[in-house]
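Take the given structure of chain A and dock chain B to it, following the hints.
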Amino acid sequence: MENLYNLFPCRKVQINKIHQLLGEEFEPLTDVIFISGHPAVGKTTVIQEYLKHYRINYAFINCVECYSYRLLHEQILVQLTGNKLKCDTFMELIHHLKLLVSKNNEKFIIVLDGAEYLEELNANYFSAFCRLQEFVNCTNICVIFLSSLLPEKFNLHTSVITIHFPQYSKDELLEILKLTKPEDCSHTFYENYLNSALMIFLRMTRDLNEMKFLVSNNFEKYCEPVKKGLVNQDDVTLLWRNILPHFKESLKSIYSGLSTQSIERYLYDPNINEVICTKVSSVLDLPYYAKYFLISAYLASYNAPKHDRRLFMKNHGKQRKRLTKQQVKEKMTLELLGPKAFPLDRLLAIFYAIMEEKASLTVNLMTQISTLVELKLLTRIGESNLERPKFKCLVGLQCVDTVARTLGLNIQKYLLD
Amino acid sequence: MKMLDENLEFDVKAVRKFLKEKLVSSPPNKHYEAFVELLSLLKRTVSSGESDSALIVGPRGCGKSSLLDSVLKELSNSEGNEYLLVKLNGLVQTDDNLALRAIIQQLHVKELEGDQITGSFSDNLMFVLQSLKTCDRQNTVPIIFILDEFQLFCNHKNQTLLYNLFDISKSAQAPMCVIGVTTRYDITELLEKRVSSRFSHRQILLMPNYDLNERMSLISYYFLLKKKSPALRKVSQEFIKKWDENTETLLNSSKVMGYFRKQLDMEPSLKALKNVLFSLLSGISLSNPFLSISNFDEVFQKYSIDGKVEYLKDLSALELCLVVSMAHHVEIYEGEPFNFEMIIKRYLKFAQQNSSVQITHRPILIKALERIKELELIIPVSNSNRNQKKEYVLYNLIVTKSQVRAAVSTYNGLPTEISHWALGNVV
Chain A
1 MENLYNLFPC RKVQINKIHQ LLGEEFEPLT DVIFISGHPA VGKTTVIQEY
51 LKHYRINYAF INCVECYSYR LLHEQILVQL TGNKLKCDTF MELIHHLKLL
101 VSKNNEKFII VLDGAEYLEE LNANYFSAFC RLQEFVNCTN ICVIFLSSLL
151 PEKFNLHTSV ITIHFPQYSK DELLEILKLT KPEDCSHTFY ENYLNSALMI
201 FLRMTRDLNE MKFLVSNNFE KYCEPVKKGL VNQDDVTLLW RNILPHFKES
251 LKSIYSGLST QSIERYLYDP NINEVICTKV SSVLDLPYYA KYFLISAYLA
301 SYNAPKHDRR LFMKNHGKQR KRLTKQQVKE KMTLELLGPK AFPLDRLLAI
351 FYAIMEEKAS LTVNLMTQIS TLVELKLLTR IGESNLERPK FKCLVGLQCV
401 DTVARTLGLN IQKYLLD
Chain B
1 MKMLDENLEF DVKAVRKFLK EKLVSSPPNK HYEAFVELLS LLKRTVSSGE
51 SDSALIVGPR GCGKSSLLDS VLKELSNSEG NEYLLVKLNG LVQTDDNLAL
101 RAIIQQLHVK ELEGDQITGS FSDNLMFVLQ SLKTCDRQNT VPIIFILDEF
151 QLFCNHKNQT LLYNLFDISK SAQAPMCVIG VTTRYDITEL LEKRVSSRFS
201 HRQILLMPNY DLNERMSLIS YYFLLKKKSP ALRKVSQEFI KKWDENTETL
251 LNSSKVMGYF RKQLDMEPSL KALKNVLFSL LSGISLSNPF LSISNFDEVF
301 QKYSIDGKVE YLKDLSALEL CLVVSMAHHV EIYEGEPFNF EMIIKRYLKF
351 AQQNSSVQIT HRPILIKALE RIKELELIIP VSNSNRNQKK EYVLYNLIVT
401 KSQVRAAVST YNGLPTEISH WALGNVV
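Chains A and B supply the protein sequences, listed in that same order.
For the first sequence, the positions run 1 to 417 when UniProt numbering is used.
For the second sequence, the positions run 1 to 427 when UniProt numbering is used.
Hints were generated in silico from the structure; no laboratory data involved.
One or more hints might be untrue.
[Claimed, not checked] Which chain A residues stay away from chain B? Per the calculated CB distances, all over 10 Å, these:
hint, residue
1, 21
2, 120
3, 191
4, 205
5, 344
[As the list claims (entries may be wrong)] Straight-line C-alpha distance at most 20 Å; calculated EDC-like pairs for lysine to aspartate or glutamate:
hint, chain 1, residue 1, chain 2, residue 2
6, B, 271, A, 152
7, A, 340, B, 391
8, A, 153, B, 374
9, B, 390, B, 341
10, B, 313, B, 391
11, B, 389, A, 49
12, B, 226, B, 244
13, B, 17, A, 25
14, B, 373, A, 249
15, A, 17, A, 65
16, A, 212, A, 249
Built from N, CA and C at the ideal position, the CB exists for glycine as well.
Just chain A, with the same shape it has in the complex (with noise of 0.2 Å):
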């Protein structure tokens, strides 16, 4: 029990929950126990270190796994009786749990991880496993679910024991990321630079995850100064005045995955701006007249069609000064409904006005709109319309702009605001 406190360390209270309700020997168990707690507070790794650690019998099963019954009765089975048995149906399933229960009277425990995606196989399946132990007619089994939902979002038709995992608190935080000290500083050292990191990172996240990586990230850059001995390792204000832009730097990479390291590569490359933007690189290979097509596409979207007079003709007249009171009434709307849609011929209109060199209308050209359409970065609304389709925009400003600049043209110029 000692290991498994500090195993997990800040879980003691809920390791006794589930203690008390599986440990003992020979005593009945309860039919469901339902765990629940936000990504990453120790869920699934509590419940099998403590199943592994008393050597209960036990099948961990991960429902996103399971997209077929077979898989997810076949997996349960080779887990709990060791042979690759064929099983198709529940009602099978409890056949061999039946044989299974028979023979010897151990404890035998489900573990269904991920429980949302259980409902996804099948509405009734929830309430088929928290009557196992009714169907099977024994008391020594047990299902237990795991999931980052509340219990009250499942479709429930009896009451559940719930096991809630908290959230870790700041104190909690700090005492698990101290384990992670390397070997080669004091602790003092440590717990000062962890200090600073969770207050600012705190805020952003409370993933115990993502802040292992922000942590063991931004380490080495906090050593920096102190291995060159430019400051002293007590001198705490200086250590966060270095330290502070870095850590601002890595706020905008949370969440994404990306290290440090590759920020900066990215940062010194002057041909990427914008770096989380995903869609950028792909863009970039389309084809020429594929890109003039994105960005009518996106013009079209974004801007009404009244003014397209104006934006697109040479002579226009003057108008511009009488715009700037129905424009908010137009951007709440934009805001509501995101791009509009827009017909095939404003779109081929658009196209005409911004290329400055006549293209012939073959369908070489048409086809490189389906391939924008293919690759998601338009919509087509309407299927069933095939004389005049209709689409819509579904990139971004940053993107067409990037595209935009590799033709060496400016955008803003045709947007009204």
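Using the frame of chain A, we list chain B on its own:
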């Protein structure tokens, strides 16, 4: 001293085991009228060979299964009654083919001895029907069919199984009784016309028990050791006496009564009660050999806290800010749905007023919003969003304003400007 400890340990373990086992078994039946009605119905089938059908209807956890169990127990206790029992459950036998296989399995049909019955649906159906039809009235053993989760059988294709079962029960063939168990009061509406016309329309309605005294007597049945039982022979009398006294005073205290009253109001089902009692029993250990009020406090905590508020409190400050923005939006626009773009705009407006809020980087805001979506604190308005930019997909917030407020005011270490903003007036 050590000797004493060992004795105590043995006592505690034995008592806990005994009580847990009692808990998982069926409780005594409380529906006496229904009991008499059902018993006479089944007796007519079993002893005089009359066929019939009936439905037991009642909300979850009101004692339908325990009623059936006690009736069947009574039936098998009385002499001279030979019958076969077929138990089906709509959750397990998900289509008619499986149901037929289960029927054949449970009837122990000689020709098909073995674990698994295969064969096509029509073969199985023919087989079962033939064997049910050809037998004559006098010499055959009556069959009792119990269909649990009856409403799910109604979804089967053409309701073939139900049609055939009811058809046989109406015609003068093998004596059988079909008992359906369901939670749906509108169950007869689900039956097809041809099925409905063959059903006897006998319904046994059960009501859940809202009476606190009855509930408390059930709890004492589960928790008191009074009756001598062979499993407890080795437990010291002193311990049993002390246990009973302690438990009785606890159960009579107004606080515990209040807890059970509250539970009865919120979740009257028997299963909920059993879970609570099970958790209470699990809390008993060597260091804590008798129930105490703190055990009750801990277990009943779940009725006083709101899971969603706890979930909101587990969010990071940024995510909570975004949820607050959503709550404000919903309040201003009176429940209209929102998209990411609006929420980001509202959040940035707040962030610009407070220089201490540093996070304004757009991709991070979107990631945070997606995390909130994954926790299903917001739900998309429609399912088909494939053709939309994700920033413009419309969502509904599914936590209430008061839940957000409760989370904000109890959140540990939330910057004051955020709580000011969240708790202040928006309109």
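Results for each hint:
1. 21: 5 Å, violated
2. 120: At about 13 Å from chain B, residue 120(A) clears the 10 Å cut-off, so the statement holds.
3. 191: Label holds. Min Cβ-Cβ 18 Å, cutoff 10 Å.
4. 205: Check fails; 5 Å does not lie beyond 10 Å.
5. 344: Holds: least Cβ distance 17 Å, greater than 10 Å.
6. 271(B) with 152(A): Status holds; Cα separation ~16 Å.
7. 340(A) with 391(B): It holds: about 14 Å lies between the C-alpha atoms, which stays within 20 Å.
8. 153(A) with 374(B): The hint holds at about 12 Å.
9. 390(B) with 341(B): 9 Å, holds
10. 313(B) with 391(B): Roughly 25 Å separates the two Cα atoms, so the pair is violated.
11. 389(B) with 49(A): Distance of about 42 Å is beyond 20 Å: violated.
12. 226(B) with 244(B): Answer holds: residue 226(B) to residue 244(B) is near 7 Å, not above 20 Å.
13. 17(B) with 25(A): Roughly 9 Å separates the two Cα atoms, so the pair holds.
14. 373(B) with 249(A): 26 Å, violated
15. 17(A) with 65(A): Violated, because 28 Å separates the two Cα atoms, which is more than 20 Å.
16. 212(A) with 249(A): It holds: about 16 Å lies between the C-alpha atoms, which stays within 20 Å.
In this structure, the hints that do not hold are numbers 1, 4, 10, 11, 14 and 15, in rising order.
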